[in-house]
Amino acid sequence: MGAKAKIMERTGKSFYERLYLIEIFKGMAVTLGHFMTNFLDNSKLYVRHYPEVQPEIPARWRGRHRLTKHEDGTMKCVACFMCQTNCPAKCIMIEAGERIDGRSEKMPVRFTIDLLECIYCGYCVEACPMDAIRMDTGIFAVTGADRQSFVMGLTALLATPGAYTEEEYKKGGV
Amino acid sequence: MSQLDLLLLVLRVAFGAFVPLCFIAVLVWMERRGAAFFQDRSGPNRAHIFGFRAGGLVQNLADAIKLITKEDIVPDHVKHKFYFVLAPVIVFSIAILSFAAVPFADALILGGKKYLMQTIPTDLGILWFLALAGFAVYGIILAGWSSHSKYGILGGLRAAAQVISYEIPMGFAIISALVVYGTVNLTEIAHYQGQLLFGFIPMWGVVVQPLGAIIFIVAAFAEANRTPFDLAEGESELVAGFHVEYSSMKFGMFFMGEYVAMFTSSAIIVTLYFGGYQIPWFSTEVLVNNARAITVLLMLLMPACAWIFIRWMHKNNRSHYDCPDDHRVREALIYAKIIWGVVAALEIVLFIYLITVSGGAADRILVALLQIATFLVKTTLMCFVYVWVRWTLPRFRYDQLQKLGWQILLPLSLLNIFVTSAVVVALN
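The listed protein sequences derive, respectively, from chains A and B. So that you can map any letter, position 16 of the first sequence is 667 in this note's numbering, and since no number is skipped, the others follow by simple counting. So that you can map any letter, position 238 of the second sequence is 994 in this note's numbering, and since no number is skipped, the others follow by simple counting.
Because the hints were derived from the structure by calculation, they are not lab data. Remember, predicted model here, so these are calculated numbers, not experimental data. Hints may be right or wrong, so weigh each one.
Calculated cross-link-like contacts (lysine-lysine; reagent style PhoX-like; alpha-carbon spacing at most 20 Å) [as the list claims (entries may be wrong)]:
| # | chain 1 | residue 1 | chain 2 | residue 2 |
| --- | --- | --- | --- | --- |
| 1 | A | Lys-757 | A | Lys-727 |
| 2 | A | Lys-720 | A | Lys-821 |
| 3 | A | Lys-664 | B | Lys-1071 |
| 4 | B | Lys-1071 | A | Lys-695 |
Anything over 12 Å on all C-beta distances counts as not near chain B; from chain A, calculated [as the list claims (entries may be wrong)]:
| # | residue |
| --- | --- |
| 5 | Ile-658 |
| 6 | Arg-699 |
| 7 | Glu-703 |
| 8 | Phe-732 |
| 9 | Gly-823 |
All residues carry an ideal CB built from backbone N, CA and C; glycine is no exception.
Using the sequences and the hints, build the whole thing.
This is the structure in structure tokens:
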């Protein structure tokens, strides 16, 4: 047998409630109360004054992507195509080339993410064996005047710094 | 026709044409900021010209520019383009015209002649409103039919059925009001409400006709197609209902027509049931006879009101976040200066009036201006009730709407006619 059914008491059938008008006036009193509080002192509004006040973004929040670097400034990405293969939206396009900084054999010569295709699922970050792609920039609003400006290139992805320290990122925020 | 006749004619027509238009801006602003405050949001408060946002009023200007400059599409499948374009024109112009018979001040007596303070000085009164209110729905039906889409036609059909069912209780509510007032002339109706019941209660329609007032207000909400009776639009079921195929300023006409209709029906409600232009306990004769005392009272009240308003403004017109050299505070300081300037100018005008022209014709003009102000304040409050109801009550289901109209409002309004007539006959 399933869970015990809870029988809810039906309301709204009494004569007093069927008069409607009294209940309507009660409801209107509630809304007027809200109006008057806010009208007399508008600092009581439940509003974040965006864009002057920005929301607090936790470290695990999936924002715009970036490509990470080693301490010596060389990129961590080895062009293994894991992220591109794993991407459900097919927004990552990598072109591999020969590595010139001597760390391993391959590195991307082109790495583009089309932010208009991206669904911000974070699978690329999970798939990456080198911790080379992260979504910890804290950028949640990307704007542009044309479609081309939403296609992030290798340099732009490398140039964006992370918004959190290494410890914060590992801990995953508070 | 003397020069005075001509001047008053122009002034009255200008009032009847421009006040509803100005109220579109005020009402759209009231609706959006009001809705926001009812829901604990702040509403549009960013659009500005040189830093002056006028409490969000500038947003209307931005909206108007957007609506005017958008592409005006007449869909290809529309077969009767003439009717398609005609529909918003009907809605808008009828809404403005129906204000024409509403008196905004008591009949002005100048140079021994009596001027009715209505846009069209006619004694058709409430009949004019009834005729035109019934006609406004033709615009909606025409829009729904000519846009040749199922959502449009459903919206139009709903509007038609709704107006038929609510026109009847509305008419009956008016009949019982007319039994009490004994006239259809709105100026006389408002004049009647200047009397006192038992010597101390203002004899407003809502006091002598409480049931009629409720029925009329409910029916007027339905006539103006406002929530909870906006089934013709019903965006959750019909996308946008009758105006789904309209874009740009043709949609704008429907939008503005809705607000003008709201203003007009508020004006009618105020005239029929809330004393019209009457200031409670001060009938026109009392005001004219004590014009000097009232002027002095006004001169004292004005700075007090301005002071309270400016305190409220300084409290609320500031940024609620860290903002060095707050632009909102600077804006409020300038507004305060403007308000004090206006108050000072008005004080000077009233003072000059007191020492030079008081007594005679000037008194009557002053009283007329006071009554216009009263009328506009009352109408604005009634419009606020419209906004208040819209953001409190959910929309009716369609069968509930018809049930309310035919099974509840109709018998109640009939009962009201019998009771009212019986009381009137008994008292005579």
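task: Please flag the earlier hints that this structure goes against, numbers listed from lowest up.
output: 3, 6, 7
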